[in-house]
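Engineer: Each chain, letter by letter, is given below.
Protein chains: 2
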Amino acid sequence: MLLLAGCYILRPNSFSIWESITAFFDKGIKDLGVQNAYFPLFVTENALNTEKDHVEGFAAEVAWVTKSGQSELDRPIAIRPTSETVMYPYYAQAGAQSPETEIWIRSHRDLPLRLNQWTNVVRWEFKHPTPFIRTREFLWQEGHTAFATKAEAEEEVLQILDLYSRVYTDLLAVPVCKGKKSAKEKFAGSLYSTSVEAFVPATGRGVQGGTSHCLGQNFSKMFKIEFEADDGSKQFAWQNSWGLSTRTIGVMIMVHGDDKGIVMPPRVAPLQVIVIPIPAGSMSDAQRAELTSTTADLVAQLKQAGVRVQCDDRDNYRPGWKYNHWEVKGVPIRLELGFKDLEKKSAVLARRDTGAKETVALTDVAARVPELLEQIQADMLARSTAEFEECKETATTWDEFMAALDRKHMVLAPWADEEEIEEDVRKRSATAEAMGAKTLCIPLEQPELPPGTKCFASGKDAKNWALWGRSY
Amino acid sequence: MLLLAGCYILRPNSFSIWESITAFFDKGIKDLGVQNAYFPLFVTENALNTEKDHVEGFAAEVAWVTKSGQSELDRPIAIRPTSETVMYPYYAQAGAQSPETEIWIRSHRDLPLRLNQWTNVVRWEFKHPTPFIRTREFLWQEGHTAFATKAEAEEEVLQILDLYSRVYTDLLAVPVCKGKKSAKEKFAGSLYSTSVEAFVPATGRGVQGGTSHCLGQNFSKMFKIEFEADDGSKQFAWQNSWGLSTRTIGVMIMVHGDDKGIVMPPRVAPLQVIVIPIPAGSMSDAQRAELTSTTADLVAQLKQAGVRVQCDDRDNYRPGWKYNHWEVKGVPIRLELGFKDLEKKSAVLARRDTGAKETVALTDVAARVPELLEQIQADMLARSTAEFEECKETATTWDEFMAALDRKHMVLAPWADEEEIEEDVRKRSATAEAMGAKTLCIPLEQPELPPGTKCFASGKDAKNWALWGRSY
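Line by line, the protein sequences give chains A and B.
Under this note's numbering, read the first sequence as residues 1038 to 1509, first letter to last.
Under this note's numbering, read the second sequence as residues 1038 to 1509, first letter to last.
Bound-form chain A, shown alone:
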């Protein structure tokens, strides 16, 4: 075998979406004062084992390097599944065991420390791999910050969650629900976790879109990340970590895709307009030359207007083949320019998302296209948001809950917020065809909870509304 299962390639058409996300989010966190850095791919066994809950959460999925060349290593070395245990020794007293390092955090003046890195991580999952969504290696950013106070840390958790939400809504035209993860679903080692949750109507499954964790002092106590406060006392730092991965690309593809292939939201589309000249057999040489020069002129005008545009003038493919080719790739607008269009001094703009066509005077193309791209972006978000809302049902009893799941929907239901109940729901809701449901999140925006409301699953007093669903 030359290729490895569970690892996928990001080809240019999808990788460029990641580049758009990177540019947007990187600017967002730099505006907040976060700096980029890079820490090693490898974790020592000791560092990985430092925080007990954390290692228990990841141990089964860790890939171990045990050999270099033909030599066995003295000790196996882990590949990061996430970098808390790689980075925090450097932040801390604990790292000073090594002569190579200095202690980064000594005084409250060294705080906040806010670092981010764009990296690959490896989780050797046993669940069935799904391109973009569940892969043994993926790309992400991971932020790792330390503050003097809990209040500052908690403020950042929500600032980052908001940026994640905007990646989905503003760039990918995908609605998400912001919320807190349940005790069962939170990040291994965090005090609490928040997330943005998306939903794929076609499969009826929720998908965690990005997570922003308040780690509290769990890691700072284990790694001895202590600082001297204003009053001279020693205190443990308050820490956060937060990550957004190439899963974003998969969510976008699944939410917008149709039977023909990908549908790209214009803001992240590597190519926004494909221009296809359509010569007719009856055209004279002069007419052919005019078609070529008009096409070139339109491309130049669109580029000038800041549009990402390309012309497909290959003469060895027929127009129908080209239409299909660019539809599969999801290019938002196809501009057709035929013999008759040329006579009428107009062109046809065809939308990838709706299939709608409009005829535009050649002199209006450069003004109309940017407008239409914005319209497509807005329409895509409006449609996906309406569908998201349609797929979200409210249930207050077990039967209503199961009926909604059967309709492949998410379910907002009041519950008693206990780990045992969630495990019980998962088991009871599993069927021969479908896995059990779990909490996607406890939405930040809570419906009213009238006193005396009971948990849909346990009959105990409900504590809050959770959003439940089958999920990736």
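No wet-lab data here; the hints were simulated from the structure.
Nothing here was measured: the structure is a model prediction, and the numbers come from that model.
Cβ coordinates follow ideal geometry from the N, Cα and C atoms, glycine included.
It is possible that part of the hints are untrue.
Listed next, the in silico DSSO-like pairs over lysine-lysine satisfying Cα-Cα at most 27 Å (straight line) [what the hints assert, rightly or not]: (1) Lys1394(A) x Lys1381(A); (2) Lys1104(B) x Lys1089(A); (3) Lys1366(B) x Lys1067(A); (4) Lys1475(B) x Lys1064(A); (5) Lys1429(B) x Lys1475(B).
Facing chain B, a subset of chain A residues (Cβ under 8 Å, in silico) [claimed, not checked]: (6) Leu1040; (7) Leu1041; (8) Cys1044; (9) Pro1049; (10) Phe1061; (11) Tyr1075; (12) Thr1081; (13) Asn1157; (14) Thr1206; (15) Val1385; (16) Leu1386.
With the hints as your guide, set chain B onto chain A.
Structural biologist: For chain B alone, kept in the frame of chain A given last:
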């Protein structure tokens, strides 16, 4: 142990240099038509072994994953030392063994295929690790392209080499020599390799700064990267690969650094100006307020002018401590604003590179600083270039050659261009204190070689001039 030997961190001050290089080079290759993509970190044993010379060149340094969680893997999996063997199965017929992949290259119309990725790679080296220069993991970009003809491939080799050269000269203010690698020093598996070579006067050692390889048809034959030509015949693609790594940062630091620490060229400095207000004990409250507002105003003006500027107004450190602190980090200009400056409505600009100070009227600061930054950039390149030339000697005999090496210089010498001679020179030039010399490159720009010129080392007829040196 919590930390691992041979792996280093890129902290924000150095990582930001990499961000500058990334932005510059990424734009450069996109202008050439290269697209970014991402391929897996892992290589199967079979793929790694496909090109014989290549695997021989890397086998001793490959890190192997043999376990996930508690389970042994069926077969060990390698971590990429470079990605030829990861990527080319996908380019080719050979990759079609897997159901997950399609064949990317079938026809001449699928060429050129020009992909690049920004990744980490791992080489478990046994040589002594040196931060930035020789590390077990490093960041780089690797371009992997395929063409229908040798001529197109060769044109690209030099276009990329030119971009690498400009990263050094235009961004890092470091001179390099462009050349071809000798048979002994070329990339394992390439037809031939080119490189840019830098030199560190302080240590008297050359350092390979980036490599652009013509792979010829070596890999395409092994991986069956075949295309149907215009005339219907089957042909093997012509391939290149090229890489530039975070070693760039180390070269920059070593070439420009002084006893006080780093000296940043303005174009890549994350912070170009540090503003330090210097309150005096005798100042009234009104005067202190004026100092604060004037400082804030200068910072705002400089930001407006596009300068990366920050104010250090911490009241718990003395000015002298701050001067030192920012000198260590290499900030190109320190702007001092004291009580007397304020009275004279002027400020002092101190250069990090030369230590020179100048007094500037407050109203001229925003105009003068960008000018001075450009001047510093130009001066740094001029100085490093003069030093590079001083360190380059010409030798035509063995004795001259050794004398130049003893002076910690590079040596340009005529030779017969045979692998055995290079090995012989390495052994004979090694001393108790210093490693043997090798060819850094055969410069593209060759001095005249009069007929009858003999090889400095073997006495045979010389074929060309090579640049020799001890090296990293």
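Engineer: For every hint, state whether the structure bears it out.
Structural biologist: Right, here's what the structure says about each hint:
no.: 1; hint: Lys1394(A) x Lys1381(A); result: 16 Å, holds
no.: 2; hint: Lys1104(B) x Lys1089(A); result: 21 Å, holds
no.: 3; hint: Lys1366(B) x Lys1067(A); result: 20 Å, holds
no.: 4; hint: Lys1475(B) x Lys1064(A); result: 45 Å, violated
no.: 5; hint: Lys1429(B) x Lys1475(B); result: 14 Å, holds
no.: 6; hint: Leu1040; result: 4 Å, holds
no.: 7; hint: Leu1041; result: 5 Å, holds
no.: 8; hint: Cys1044; result: 4 Å, holds
no.: 9; hint: Pro1049; result: 4 Å, holds
no.: 10; hint: Phe1061; result: 16 Å, violated
no.: 11; hint: Tyr1075; result: 4 Å, holds
no.: 12; hint: Thr1081; result: 6 Å, holds
no.: 13; hint: Asn1157; result: 6 Å, holds
no.: 14; hint: Thr1206; result: 25 Å, violated
no.: 15; hint: Val1385; result: 26 Å, violated
no.: 16; hint: Leu1386; result: 26 Å, violated
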